[in-house]
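These protein sequence lines are chains A and B, in that order. Numbering-wise, the first sequence is residues 1200 to 1318 according to my numbering. Numbering-wise, the second sequence is residues 3 to 113 according to my numbering.
If you are wondering where the hints come from, they were derived from the structure by calculation, not from laboratory data. There could be a bad hint or two in this list.
[What the hints assert, rightly or not] Capping the alpha-carbon separation at 27 Å, the derived lysine-lysine pairs in BS3-like fashion look like this: (1) B:Lys-100 with A:Lys-1263; (2) A:Lys-1265 with A:Lys-1219; (3) B:Lys-100 with A:Lys-1219; (4) B:Lys-95 with A:Lys-1254; (5) A:Lys-1240 with B:Lys-72; (6) B:Lys-100 with A:Lys-1240; (7) A:Lys-1240 with A:Lys-1263.
[To be verified] Beyond 12 Å from chain B on every Cβ pair, some chain A residues (computed): (8) Thr-1216; (9) Glu-1221; (10) Asp-1226; (11) Phe-1227; (12) Ser-1253; (13) Lys-1254; (14) Glu-1262; (15) Lys-1263; (16) Leu-1275; (17) Thr-1279; (18) Thr-1281; (19) Pro-1285; (20) Ser-1288.
All residues carry an ideal CB built from backbone N, CA and C; glycine is no exception.
Below, each chain spelled out in residue letters.
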Amino acid sequence: GAVVSQHPSWVICKSGTSVKIECRSLDFQATTMFWYRQFPKQSLMLMATSNEGSKATYEQGVEKDKFLINHASLTLSTLTVTSAHPEDSSFYICSARDPSQGGGNQPQHFGDGTRLSIL
Amino acid sequence: SQQGEEDPQALSIQEGENATMNCSYKTSINNLQWYRQNSGRGLVHLILIRSNEREKHSGRLRVTLDTSKKSSSLLITASRAADTASYFCATSKTSYDKVIFGPGTSLSVIP
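Next up, chain B with everything else stripped away, as it sits in the complex (with noise of 0.2 Å):
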């Protein structure tokens, strides 16, 4: 499997907190995206960032992705409780690949 783990498994936080997830994976990637769930949806698309890549920010998002760990992180600055999902890292070996997803992470922000 060219997916590795995702932690936590589960997080909780209180609202306007950040949260932080981190994934990891096994094989050389070309891409790593990040999407977010909300239950019983389909996925929507947060940030890609590509393996000569460090960092990226979108809103109140910031990913980094580090390849000499194969390891990737989300993080959410001042988390509302619309945040609350579940968030799964992707990565593709090439830039036209399929994309193979993370065992994720479930968001809970309480209000």
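Extracted from the complex, chain A is given alone in its bound form (with noise of 0.2 Å):
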């Protein structure tokens, strides 16, 4: 089946510094990749909508230039989260659709996420 990877899946760095977050579709090329953000105990937040070969959608009360996404590639999509502080340590997730599987209703794929800790 369809496998999104997600790298690294976990990292610790100092304030102010920024991290680069990568989701890889592995057998399958995604136009579109979805980044969410997920506190303890709480459910997904859609961050933004990843497109390859354009900018991304960003949603409401997201800042996109504190998280800058980059889509170069049919199979890649980063996340950097820049001069990061500790109110971004989260948890963050990326997935995609991959459309050989027919037309739309589309389950998505899950990166197994990154657990962000800055201190």
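Since each chain comes alone in its own frame, lean on the hints to assemble the complex.
Rendered as structure tokens:
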């Protein structure tokens, strides 16, 4: 089945640094990927839709200059948390649909997430 | 927000019992999906039900959808300790649209 790989799975860094998270579709091409954020014991909150070859679409309230998204190829999207601060600490998860599975109404395939801890 | 609520927020049952989780949403949808998340992990897709469907089965899972009430339920029959996880419903307005998640239900199955 379709697999989405996310890297790294865990990162700890100092406040003020930038952190890049990668999301790869391993056995399918994804023109669209989604980035979510999840706080402990809460649901997933959609941050942005990553579009291959064009600008990402950010949800209301998400700072695009803070969370930089690049979708340079059909199998890779990256999320860069710039000048990270402790409040950015969270669980970040990406997902993608496999268009080869047919028309719409396909499930999303999720990466295993990245736990980001900013000291 | 497109998504409404899920209830219960937390559910604890004995192994072998059935578990029922409910989900409500606010706007019209194209499909509704249920996902499972083990602690600290990504999400696993369980089942997708289209807006023109009323019920769907997959193994021990049974999902219903009532578009008139804008609600769905997930039934897990003969629960097992391994079913312990958080369960989320998620909706899309169109077949290719982004997916918005509900708050989730934390299920604990006691051996």
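Tested hints:
The suggested pairing of Lys-100 (chain B) with Lys-1263 (chain A) holds, with an alpha-carbon distance near 18 Å, which does not exceed 27 Å. With a C-alpha separation of about 12 Å, the suggested pair Lys-1265 (chain A) and Lys-1219 (chain A) falls inside the 27 Å cut-off, and the hint holds. For the suggested pair Lys-100 (chain B) and Lys-1219 (chain A), the alpha carbons sit about 23 Å apart, so the restraint of at most 27 Å is met. Of the pairs offered as hints, the one joining Lys-95 (chain B) and Lys-1254 (chain A) holds, with about 22 Å between alpha carbons and a cut-off of 27 Å not exceeded.
Restraint check for Lys-1240 (chain A) and Lys-72 (chain B): the C-alpha separation of about 25 Å stays at or below 27 Å, so the hint holds. A threshold of 27 Å between alpha carbons decides the hint, and for Lys-100 (chain B) with Lys-1240 (chain A) the separation of about 22 Å falls inside it, so the pair holds. Only pairs whose Cα atoms come within 27 Å are accepted, and Lys-1240 (chain A) paired with Lys-1263 (chain A) is accepted, the gap being roughly 25 Å. With a minimum CB-CB distance of about 23 Å to chain B, Thr-1216 (chain A) clears the 12 Å threshold, and the non-interface call stands.
Taking the minimum C-beta to C-beta distance to chain B, about 14 Å, the non-interface status of Glu-1221 (chain A) holds against the 12 Å cut. At the 12 Å boundary, the C-beta of Asp-1226 (chain A) stays outside the reach of chain B, the nearest C-beta of that chain being 16 Å off. Every CB of chain B is more than 12 Å from the CB of Phe-1227 (chain A) (nearest about 14 Å), matching its label as outside the interface. At roughly 15 Å, the least C-beta separation between Ser-1253 (chain A) and chain B is larger than 12 Å, which holds for a residue marked as non-interface.
Every beta carbon of chain B lies more than 12 Å from that of Lys-1254 (chain A), the smallest distance being close to 15 Å; the non-interface claim holds. Interface exclusion of Glu-1262 (chain A) from chain B stands, the closest Cβ pair being 18 Å apart, more than 12 Å. At roughly 16 Å from the closest C-beta of chain B, the C-beta of Lys-1263 (chain A) stays outside 12 Å, upholding its exclusion from the interface. Against the 12 Å criterion, Leu-1275 (chain A) stays outside the reach of chain B, whose nearest CB is about 17 Å from its own CB.
With a least CB separation of 20 Å from chain B, Thr-1279 (chain A) remains clear of the 12 Å interface cut-off, as annotated. Listed as a non-interface residue, Thr-1281 (chain A) keeps its Cβ farther than 12 Å from every Cβ of chain B; the least gap is roughly 23 Å. Against the 12 Å criterion, Pro-1285 (chain A) stays outside the reach of chain B, whose nearest CB is about 19 Å from its own CB. The beta carbon of Ser-1288 (chain A) sits about 14 Å from the closest Cβ of chain B, which is more than 12 Å, so the claim that it is off the interface holds.
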